[in-house]
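Line by line, the protein sequences are chains D and Z. Taking the working numbering, the leading residue of the first sequence gets 131, the next gets one more, and so forth. Taking the working numbering, the leading residue of the second sequence gets 16, the next gets one more, and so forth.
Everything labelled a hint here was simulated from the structure, so no lab data went into it. For clarity, every value in this text was computed on a predicted model and none was experimentally measured. Treat the hints with caution; some may be incorrect.
To be verified - Subject to a maximum C-alpha distance of 35 Å in a straight line, what follows is the list of computed DSBU-like cross-link-like pairs (lysine-lysine):
| hint | chain 1 | residue 1 | chain 2 | residue 2 |
| --- | --- | --- | --- | --- |
| 1 | D | LYS294 | Z | LYS124 |
| 2 | Z | LYS357 | Z | LYS283 |
| 3 | Z | LYS124 | D | LYS216 |
| 4 | D | LYS192 | Z | LYS124 |
| 5 | D | LYS290 | Z | LYS357 |
| 6 | Z | LYS124 | Z | LYS36 |
| 7 | Z | LYS139 | D | LYS362 |
| 8 | D | LYS362 | Z | LYS124 |
| 9 | D | LYS216 | Z | LYS139 |
| 10 | Z | LYS301 | D | LYS192 |
| 11 | Z | LYS36 | D | LYS294 |
Spelled out from the first residue to the last, the chains are:
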Amino acid sequence: MIAQYFRIFVWHVLRHLQRHPLLALLNILSVALGVAVYLATQIANHSANRAFAATVDLVAGKAELQISAPAGHLSETVFPAVAATKGISAATPLVRGLVTLPDFPGEYLEILGIDVFTNAPFRTFDLANFEASGLDIERWLGGPGSIAVSQEFLRLHNLKPGDKIRARVNVVDHELEVGFVLRSEETLDPHFAAMDIGWAQELFGRRGELSAIELRLIDPRGRENAIAELRKILPPDVSVAAPAQRTEEVDKMLGSFELNMTAMSLVSLLVGMFLIYNTVSASVIRRHREIGILRSLGVTRNEVRALFLGEAAVLGSIGASLGLVGGVLLARVLVGTVAETISSLYVLVNVKQAFLEPWTFAAAWGIGLASVIASAWFPAEAAASMEPARALEGGTGLERSLDLSPAWWVSGLLSIVLAGVLSFLALAVGPAWLGFGAAFFVLAGFSFLVPGLTSYFSAGAGASFRAIRRLRRKANVEAELGAANLSRALLRNSITIAALAVAVAMTVGVSVMVFSFRKTVEAWINETLVADLFVAPASNEVVGPDSFMPAEAVQFLANHPAVETIDTFREMDLPLGDEAVTVAVVRGSERRHFQLVRGDASAIMRRFREEPCVLASESFARRHRLRDGESIKLTTPEGAREFPIAGIFYDYTRDQGIVYMSARTFTEFWHDDRVNSVAVYLKKNGSAEQLSAAFRAAFGRNGEFVIYSNQSLRTRVFEIFDQTFAVTYVLLAIAVVVAITGIFLSLTILITERSRELAVFRAVGGSAAQIRKLLLWETGMIGTLAAVIGLVSGLCLALVLTGVINRAFFGWTVRLAFPWRSLALTPIWILAAALIAGLLPAWRAGKLVLAQSLRNE
Amino acid sequence: MKRLCFFLLLLASVGWAAEWKIAEPGWRYEFPRDHHAHAEFKTEWWYFTGNVFDAEGRQFGYELAFFRHGIRPPAARDPNSSRFIVDDLKFAHFALTDVSRKDFRFEQKTSRGAFGEAGFDDGKRLAWINDWTLTLNTDDSFDIAAAGAPGAIHFHLRPAKAPVVHGENGISLKAAGKGHASHYYSIPRLETTGEVVVDGTVHAVRGASWFDHEWATSQLGPEQIGWNWLSVQFGDGSELMLYQMRLKNGGTDPVSSGTFVAADGATKFLRSSAIVMTPERRWKSKATGAEYPIEWRVEIPEQQISFTVKPVLDDQELALNQLTYWEGAIEVAGKLAGNPLKGRGYLELTGYASGAQSLGR
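Just chain Z, with the same shape it has in the complex (with noise of 0.2 Å):
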């Protein structure tokens, strides 16, 4: 689950709903089939985040996402009409942050698409604006790249463990009720190789990244107003995936839920009764004024874990007008069935800037 970045869109969609699919149980999944894109979905993304390392063993992580939100479905689209007629928004966010200098940096790309040079699914490429591209190739492995404000990056992905789909019976809930949900996959380590350029420098990095691609209509539930997301990728060869749907009275919904995979591919769906995660740091943004948690204690009982996430920088904050959310590289250190346990990732909160930089209305 993550990055329903379109919060707002959800929200006032609710009138078009009707005329797009719903996310409802039974999905069967199927690769590389839904590694595409589903336009019968209202939203859509394909997200990667990762942390990489060049010989001098300097660190980067990174987010490049691609993110598809429907304005009309496909049975009301006309394919004679004006190419400037907008189907589908396009837009995408590259971030980098640069551990060693403890700089972070991050840029949003939009694009109409009227001449195709912003798109989904073109048969090779699964998404693209300009030159920030996500392809799909037909060993199963990925090339990302994307140039701007943060430096550049062109990655080769091979994925390390077969896609692991979350939720149950085909679909992550998100809220209480019929539709609100999601179909979420996510491939949970990719050996990640390629290049980072900043500042005109090029790095030859290694690394491993995180994979998600979710679709939905309608997801969010109208007590809700964000949510707090993370990914591990553990020493040991097993990942967590935890998110919790953020309540207007400061709670989380009970529909809230993680995945452990193990060293594997073994899954287990983890209910919200059985993760725990307090704060234990927050930080406040300069630019936007928001107060973010960034330090965590996490427990998950049953699987015996239990770690502290810290990020490798604060300010990992994505100021967007009308978007703003927080989303960087984390280590976690802590212990699974009394060993000591490591590990990196990436951490997203999302609903703590001021209701109109968060909202954009």
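With the rest of the complex left out, here is chain D (with noise of 0.2 Å):
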């Protein structure tokens, strides 16, 4: 039984191939071309969790807790009593810092001050001289200078053994000496060095303070009880965790960031569903008679619908194969560009590798297959509930079995009214991934309208070519013929028109949703960005806000007679219950503004300077559910205390959220008054480039400091925009070309299965141009269906994307804004697209053979 079922099956699926290797291949293609995006996506969002977590491992090396304090200020005095306390079987300190390399621009090195003497039990990589195994140690502790670099550092940068480099700490160039090689069995990043922890205090000015101390517990159990009594001898504000905590932080941070890249991914897989349904549906057309046979020979229903289900899944399963070496090579483009946008994000990361994990590869195949033979269900379906008569008749039986029934409507309304219904969920109560649900429902509910639309649509064109024959007394045969086509193959039109405006769609979504955001940004940016100078350690813009401003630059800038007063801005992650908030602490000069969601704002404004209290992004609000008044607890050295909420103001800068101090209450409570950025603004008639220049003179000449002016800085701040949404354009592109191939496949299909039709028309007087006439004119009523169907619903993605996801996962308030013109070209493009793409099978429609053709008749 089943060898039969196998023979009948390999005689049915290889045949089809051999006659029609085009189609097989194209289906192939697509299936191909979903998985590849999908699997890229996760490959690249995977390494780059990966590449962050090895740094972690490397930092952290074997170390089973570790104390940190996240303000910055663990004093080196607390490491003998927690060396010697109990539970506690190592303990090693570490100073970390990052360097900036004004000798390789944008280059950066995270420097870990180790002590060999103590973190044997901890070390992960090795360190030796270059000549030979060993690590001369005296030479190790002796020099101020000495480092320890990767080898892949030393070849990126062209350097030898024993060359010295600058470093940049805090605008201060210092000369360090590449003396000794870091090896490690995994492979290092070369942005680590290594050197004597008394060095590393040196160099960056740390003196007296650690980074964190590493600890390995004498039992894994204990952990509870160390942690315990680790607490009673350290400072409030100082962590004790385990290492991957901070991994697993991250993840979080960058959770929504991912989700949204995977879902973007899937849209092109989404658009090859509609693909395979399409030629899964032709196939059944084509074949009914051979159905018909099977059926009257006595296969059954289920081996008819395993017979086209298994086609569709062999095809399937070769082009998720191929797709997943194709992901592998879309993802090297892909990693650099989301590892670029996680940096100037989130979180300094450097993704040196893709990393290749089995089950991100069996999960891509798994998806691309599942798609397939959920695509080919109701098409194989329709095949297996042919009636054995019918079929060998020769009727069209799917064609046929598009009714118009009132169940498209009801189903594309109910879809439309689901996306309204989980969108307010989404909003009100979560989870945020709702979002998606309703933008699915968006795209799934025009899609169900697109039969009767089509359907009139046809009505229409017919009527109105018919009005035109009327008045110019000539007819246009293929306009209306084409027209009368379109109602004829209503279920293969639709589902072709359907695929092309689910593409459509999100391209316009998207790209509203984009421009909204830019232009919601850059209102915002006129509306805050206000000061006429903005002077920071040039470091910063390499590694982020790890650089501070020297205290007398500050003085110059505030003292100088240009100057009408200056706002200092730094910044740090704090944590806030088991998650990390980004704090910012500024003056708060008078021009400094903040676009309050609400409230008197020269009341909150002065409340924020004179008060211990925050105020909190939108976007923090929203993700901790909190309000203006409530308060959020932040730990201080000297203990916990709360800070309520005195304001929430619009930011767009990130998305987990802000909390600005004042600088007075932050000095009160940390004594920290080191800044990392001056804005400077400035009297009347003072000269921005002439304040420049003086501060130049005074503090670096040679480009320690950067200087924006205000232009300069918008210009920038629109740059790392746009680099934000370089991912989501390469994705949208891929959708694009995955549906415009959708078109090409379906005229092609159109013509295979037609030719009987275009050689009657032939036979009956039609020229070879009127056919090629005529198939263009059906493509070019296919595509403007669907620019205006995937221009519409677009529109309402639009608002799903800005006012539903940007919200919910983001919390931000994007106010919607349309991007007319490229809007206005759309319909355009689409529907040059479909005619280039109907082109070729036109041409070749003109030139069917017609007594091969006619044979069958």
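With the hints as a guide, bring the two chains together.
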């Protein structure tokens, strides 16, 4: 029985493939593309997470617990007591810091100041002299600038052992000597270097301070007791946690970003599903006679279904397998872009390699195959339910099976309502991913409406062509026939239109979202970015807010005669529960503007400057479900303390939110007045150029500082903004390519399918040119319908993306704005693309051999 | 002379030598001043070896040595810099030979000393790393203590003789040329009382110890690869110290020398030409493959001394990463002016392990 099925199956599939290799190829490619994009996205995301985790692993080594002070003040004097704590088997102190390398613009090194006397039980890398194994301990401990780097670092920068490099710390350049090599069994991030902890403290100006203390436990089961013992001797703002916790924090932070990427990557798979549906339907229609014969010979319905599903599965698995290869290639491109985005928005990460995990591949393959089976299910079902007699008689059952029942309209409208309900739920109660459900049902809803709309359009177009004929007394036969054909092969045409419309809708939706976002940010920047000059240590551009402005530089700016006032900025991550919150510390000058969501701005700002309180960004408040008047608990060096939220403001700088605190409040509790950057407000007649020149002359001619004018900072902000959406654009473009491939495919099927009909058309006197014209009319109308439906559903999708997904995931209020020009151009390029996709099939249709096509008659 | 454990460092640090003080003739020893650290010299060690017995006559040999190896001369140090910056490398070796059980164990301890957990000369302690300590008492006696893998010792050491300065004119030559020398003295006999703890059992013990203190900057010559050293406390109350600087060509450096201390404390400087040391048996280490001459025949004709040296146990090798040497308790038997002579002491053999193991590079 099985063997028999197998024989029929081989015959059924192979013969079909043999006859229609191009079709099979297109099917395979569409699945491959969908799987490739999905896989590449997963690899890119996963690689970024892994790269960060590897960083944590390298720093923490084999530590089981890590003591650190998020705000940066872990006094070294706690070390002996920590090391002697009950349950601790080994402890090693660590000082970390970032240096930028002025000789290699944009490059940095993360230097780990390690204690070779105590870190042997922790180290996952090896320190050695370049010439041979072993470490010259005297040289390691002796030189103020001796560092160990990876061989990869030397290779990348064309350095030799013993070379000197300049390293910039807080706007001061130091000379370091590449004296030792870091070796590891795992690939080392070349941005890592090590030096003796004592000299690291000197280099980073952190005498008396540690970045962390790494600990190993006598017994892992004694973890909680050890933490309790440690808590007794450590100040309250110091955290004791497993090193992996930092990885978890970052994973959580990147979660939304990565979920979005995944959703985007599934779009091309979705478009691909329409394609498969279309081809399997076509194949069912084409082989109705075969089905009839098989059924008459006693093949059961289930076996017929299995034949078609099996065929789809074969094509699908070939496509999915190809997709795995494509995914790996595409990942190479995507990994870099994703890592850049993550570094500029979230956390400094350097993804050196793509991590390929078997389960990612298995999942991508499985999803690809599942989507194929799901899209083949309905046509296969239709084939199975054909009456043998009717199938033999030659009726295109599937064509006819689409009576325009009200069910289509009802499903369409219901889906759109469901999208509305999901939107509401996503915003009101969560979880945020319901927003993606809403987006899906917008697309699904409009897709359900396509058959009805197509049939109306067909009728309408037919009527108008007839009206034109009466008016001009000349028939446009091709146009009229084309319009009629639209509704004759309603199902297949609807699917082609829906597939294209979905791609158009995605393009429109996302571009409206990005445009609105950009406009909102622009307005927000105009309102809030009002200082005339911004001065910061140059290294902050490379490695994030890690360097501080020298106090005299801040004084210089504050006291300069051209300056009316300055504001300072400091940023750091502080723990809040089991998450981290970004806290920005500003003096809060009179001229700094916060765009407050509600409340009396001047009263709130006065309170902010004078009382211990914070301002919370909208995204922060939404994320933590906080309102103004409520408070957040931050741990100060003196212990936990509640800080009331004085106001909530709009902010688009980060999705995890940000909390502002006045410098006065921060200094009062944290005793730290260092600043990362300064904003300068000039007097009316003050010259920005002159002040910049004076500042550079006094504090650094060698690019130690970046000085942005108001305009240049805005430009920079938008550079980062565009970079962020670069990935989005890449994924979108791919979805459109899949959709256009779909048109091409559909038309090719159309012609194969209709060869007999076209032959009859020729036989009754139609010319080859007329056939081409007819097909181009059909394509044109398909394109037009898809463009219009796509535009409308795209605008609805834009509503969901900006109003629901943005708010639910990121907590941003984005005001809807429309890129009219590109929206207006959309139908034009869709139409053009459709016509171009139709050219080859139309040309081929004109060359059909009459006799062969009619032989069946 | 002995224990230039950091042979490698001594060779490597020629560049620094100019800033360190070198051992030069004319040093005037004063005690207890010279028991303390000499930070202006690059290397320095305090070295205790001895043989002790419990009430049942069970014998233990021990070695406890504290080393200071300067990274930066005092003039180059910044008192305000990071406490993690290491000015002196601090390390110590502790070995215990349980003669009756034929068991030898050793341990090395090193520490940064950033928090005072290791250091030199804090007024009372001469040297310490965590709970390994060397204390100089006001009555010129010493207390030493160490505990670790070998077991534990806690000894009170009372000098039975005055310090003996080795070499001539205050320096002990190690090679030809200026600076290749050290300042070196010993207390050749200290009455030792205290406890040895092995495998949890406490043994009250008595015996005799030998104390060496040596400091220098750059004493080794380029042709030297190690040395043989021994100290003996004879039954008649006299003591002997000998060292041979070993050359790469297999010979010994003519600057090698020794000191004989008579029972009354009178000392006699012995030139290498006056000493004949003949190896009689070699032992090959399974751990490192090094082959050590562990039995000797020693003759000093002008003192009418001749004796054989035999270790109480063959395997007394300290196989330490980057630095492997043999140092163990010995028994000697021979004749002095025709009369039978017996004694106990310690033998040290360095530079026998393969290049990487003995020199660390």
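Each hint, compared with the structure:
Between the alpha carbons of LYS294/D and LYS124/Z the distance comes to roughly 34 Å, so the proposed pair stays at or under 35 Å and holds. Of the supplied pair hints, the one linking LYS357/Z and LYS283/Z holds, its CA atoms being roughly 20 Å apart against a limit of 35 Å. The suggested pairing of LYS124/Z with LYS216/D holds, with an alpha-carbon distance near 21 Å, which does not exceed 35 Å. A C-alpha spacing of about 22 Å is found between LYS192/D and LYS124/Z, which places the hinted pair at or below 35 Å, so the restraint holds.
Taking the CA atoms of LYS290/D and LYS357/Z, the gap is about 61 Å. The hint is violated against a cut of 35 Å. For the suggested pair LYS124/Z and LYS36/Z, the alpha carbons sit about 27 Å apart, so the restraint of at most 35 Å is met. Simply put, LYS139/Z and LYS362/D have alpha-carbon atoms about 33 Å apart, close enough for the 35 Å limit, and the pair holds. At most 35 Å may separate the alpha-carbon atoms for a hinted pair to count; LYS362/D and LYS124/Z meet this at roughly 30 Å.
Between LYS216/D and LYS139/Z, the direct Cα distance comes to roughly 29 Å. Compliance with the 35 Å bound is thereby established for this hinted pair. As the CA atoms of LYS301/Z and LYS192/D are separated by approximately 32 Å, the hinted pair is consistent with the 35 Å bound. Between LYS36/Z and LYS294/D the CA atoms are separated by roughly 30 Å; this keeps the pair inside 35 Å, and the hint holds.
Violated hints amount to a single one, hint 5; each of the other numbered hints is respected by the structure.
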